[in-house]
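Asks: Sequence:
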Amino acid sequence: MIKKLLLVAAILGCIQTKTKAQAGAALSFDGTNDYITIPAVYSNEYTIEAWVKLNSLANRNIIAGTNSSGPSLFLSNCLRVNSAGLFEHYTYDGAAKTLQSSVTITAGTWYHVAISAKSNGVMKIVVNGNETISTFSVGTLWTGLTSFRLGQNTLGNFNYFNGSMDEFRVWNRQLCIDEILNNKDGEILTTAPGLTTNMHFNQGLSGGGNSTVTSALDDSGFNRNGTLTNFTLSGTASNWVAPGAVTSGVAVTSFALPTVSVTPSATLVCGGAQNTFTASGAFNYSWSSSFPGQTNTATNIYTITTANVPGNWNVQVFGTDVNGCYAPAQVVTFSTVNTPVLSNDLGYFCSGSSYTISPTVAIGGPITSYTYSTGSSVFSPTSTTTYTVIGANALGCVSGVATGTVEVCGASGSSLNMNGTDDVLNTGILYSDFTNSWTFECWAKSPSTPTSGKFNGPMYGANMGIVWDHNTLIYRGSATVQDASNNFYGASFGSLLANTWYHLAATYDGTVLKAYKNGVLTSSVTTLGGLSAASGGLTFGKHPTLSQFWDGTIDDARVWTVARTCNEINQNMNIELTGNQIGLKAYYKFNEGTPTANNTSITSTSDASGNNYNCSLAGFTRNGATSNYLVGAPFNNTLNPLCLTTGINEINTTNPFIIYPNPTSTILNIEVKEQAQISIVNVLGDVVLTQTINGLSKIDVSSLKSGVYFIQDSKSGKAIKFIKE
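Start counting the sequence shown at 611; every next residue gets the next number (our numbering).
These are computed hints drawn from the structure, not numbers from a lab. Remember, predicted model here, so these are calculated numbers, not experimental data. Beta carbons: idealized from backbone N, C-alpha and C, even for Gly. Careful, some of the hints might be misleading.
[What the hints assert, rightly or not] Using 25 Å as the maximum straight-line C-alpha spacing, the simulated DMTMM-like pairs for lysine to aspartate or glutamate come out as follows:
| hint | residue 1 | residue 2 |
| --- | --- | --- |
| 1 | LYS1055 | GLU1202 |
| 2 | LYS1283 | GLU1202 |
| 3 | LYS663 | ASP931 |
| 4 | LYS1055 | ASP931 |
[Unchecked claim] Computed Cβ-Cβ distance ranges for the label pairs, DEER-style:
| hint | residue 1 | residue 2 | range |
| --- | --- | --- | --- |
| 5 | PRO902 | LYS1308 | 27 to 35 Å |
| 6 | PRO902 | SER987 | 19 to 27 Å |
| 7 | GLY1305 | TYR980 | 35 to 43 Å |
| 8 | LEU1306 | SER1095 | 45 to 53 Å |
| 9 | GLY1193 | LYS1308 | 18 to 26 Å |
| 10 | GLY985 | GLY1006 | 31 to 39 Å |
| 11 | LEU1107 | LYS1315 | 20 to 28 Å |
| 12 | GLY1146 | ALA1235 | 29 to 37 Å |
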């Protein structure tokens, strides 16, 4: 009787134990038509991981991948089993990219599998901690991802997954092997940095009736719950099952990502300045910035050279440890403000009083402090002076150096600036007023050196003149004449620098054309003689027939009907004339206006020769720092140069050789039509160099002392003078 009671109790106990419900710990897929659809968000890097147990390797199984809207028949972001029975990672960057693990799969065994990829990086697959990394680079990952499908896709080119799944996770970053190993053997109960989907499959009753449990819950905090489709949700397959790969409710230890800090944490940046950010706490770094024009760098120091553009920007840095595990991005915001930009106009000043520097603030003001190279904004220069100014605003932004020039009035009074656009002086002098001999002279300067592509000069006549710009080299920066045979000739003034006052003189005695710079004869040529006949009147600042205007400033212009000698030129170039000299046709001092003032009431400039060739002003604005009266030429009051004489004949145009530049300090170009032997002779008649040349030759004269020399043709004995600066 007792034995019967014990037997009954045992039977009842077994029945009670058998019917006790067990919570689901994984999800079984039947390999026929089961799948789950999960909402997803595209990222340019990802990690997808899960525990899986395959019931059979007979079929090629899709474990996870994009849904049917994927980029091709092969899907993307995909974990599957390939025809070789190995786990395979597939992704798409415009072309199919695959990577397989070497771990052999055994049916009925749980495996932890993780796949990851990163745009412009690499793709990986990790099986039970065994990591395989691609040897090829990945381009830009497919950007059309909207949902995942677990178990299969609707395209039908792979089979449905036949097995069980546990702990499915999606991350928006590429996890390193250390973090994957840290997390694989337990549950991440809720959230983690970059975790976008977190499914434990701990739902329903294992093997029970679960017809109402049709969603796989997401514990990532984003509620990307999965929708179960075609699961029977009853029995031991196509249902919630237990046990899973990991113990339900056992939490993993939070993985310690590297912590990166950046200094400065926030900053105010002056536009145009170089600013440096420094990161610490990691092994490798990757930076980016919203500020335009910046590039990535892999060091812990990131330098930004900002433009002068105000705005709000940010700098972002990722840091990785020695195993490639990286911290969440650290972002530093900064603001750029305008750095002051200053400019200084050309100033004018007459000795005996003080000059006040008044820089213009273009942007970045108001300026709270200035630094002057002169020590103060008020100073009293005795000669033309270049100065600098630096300004700082209330935010501490310091401007660049602004350079200004104050010109000091000299004995020449004022000058007249021509804008190079439409300014011209009509002298009223007719070309028919000249016979054969003439002299033009003036003080002149231009903001640019003589160049090609233009045809102009301060005193550019139809058959004679002082030319600045010209397409043909021999007329550029030269005295010119057209003889009675209508041949044009040019005698070079040598090197003419920008923004530099020069006294230029051109003389012609009916045969020889000569060019003088600052009282020194720079070159001469012999013509066939006479002067061509020309009609019309002489103008200053414009080509005689073309609409080509000179950009420059002219002072103390003199027109003579005689060929002035060297002594007459250099002994009088630094003084104003009385106006009654013999042969003086017209004389313009340009002293009618006040430098840079409003001179609109002045419509002509006076002829100081008494011959009444007053010039009408055409095109001039006569107000401000251009196209107006400016400070006059400086007049060099030092000892005037001597007019040297020598027994060496100057070469004429029948000898085919040309030299340039003249003067020169280094290289002298000599051009001949046929082979010749030349000698360089000093003013004492000593030969300092002899050389055979043919065509265009370059001679280095930098070793010669400064002074006057002659290039002599050994065959003809004729020579051209040049000046070594």
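Asks: Would you mind marking each hint as holding or not holding in the structure?
Replies: Cross-check of the supplied hints:
no., hint, verdict
1, LYS1055 with GLU1202, "20 Å, holds"
2, LYS1283 with GLU1202, "50 Å, violated"
3, LYS663 with ASP931, "33 Å, violated"
4, LYS1055 with ASP931, "66 Å, violated"
5, PRO902 with LYS1308: 27 to 35 Å, "46 Å, violated"
6, PRO902 with SER987: 19 to 27 Å, "37 Å, violated"
7, GLY1305 with TYR980: 35 to 43 Å, "57 Å, violated"
8, LEU1306 with SER1095: 45 to 53 Å, "28 Å, violated"
9, GLY1193 with LYS1308: 18 to 26 Å, "41 Å, violated"
10, GLY985 with GLY1006: 31 to 39 Å, "23 Å, violated"
11, LEU1107 with LYS1315: 20 to 28 Å, "22 Å, holds"
12, GLY1146 with ALA1235: 29 to 37 Å, "32 Å, holds"
Comparing the model with each earlier hint shows violations of hints 2, 3, 4, 5, 6, 7, 8, 9, 10; every other hint is respected.
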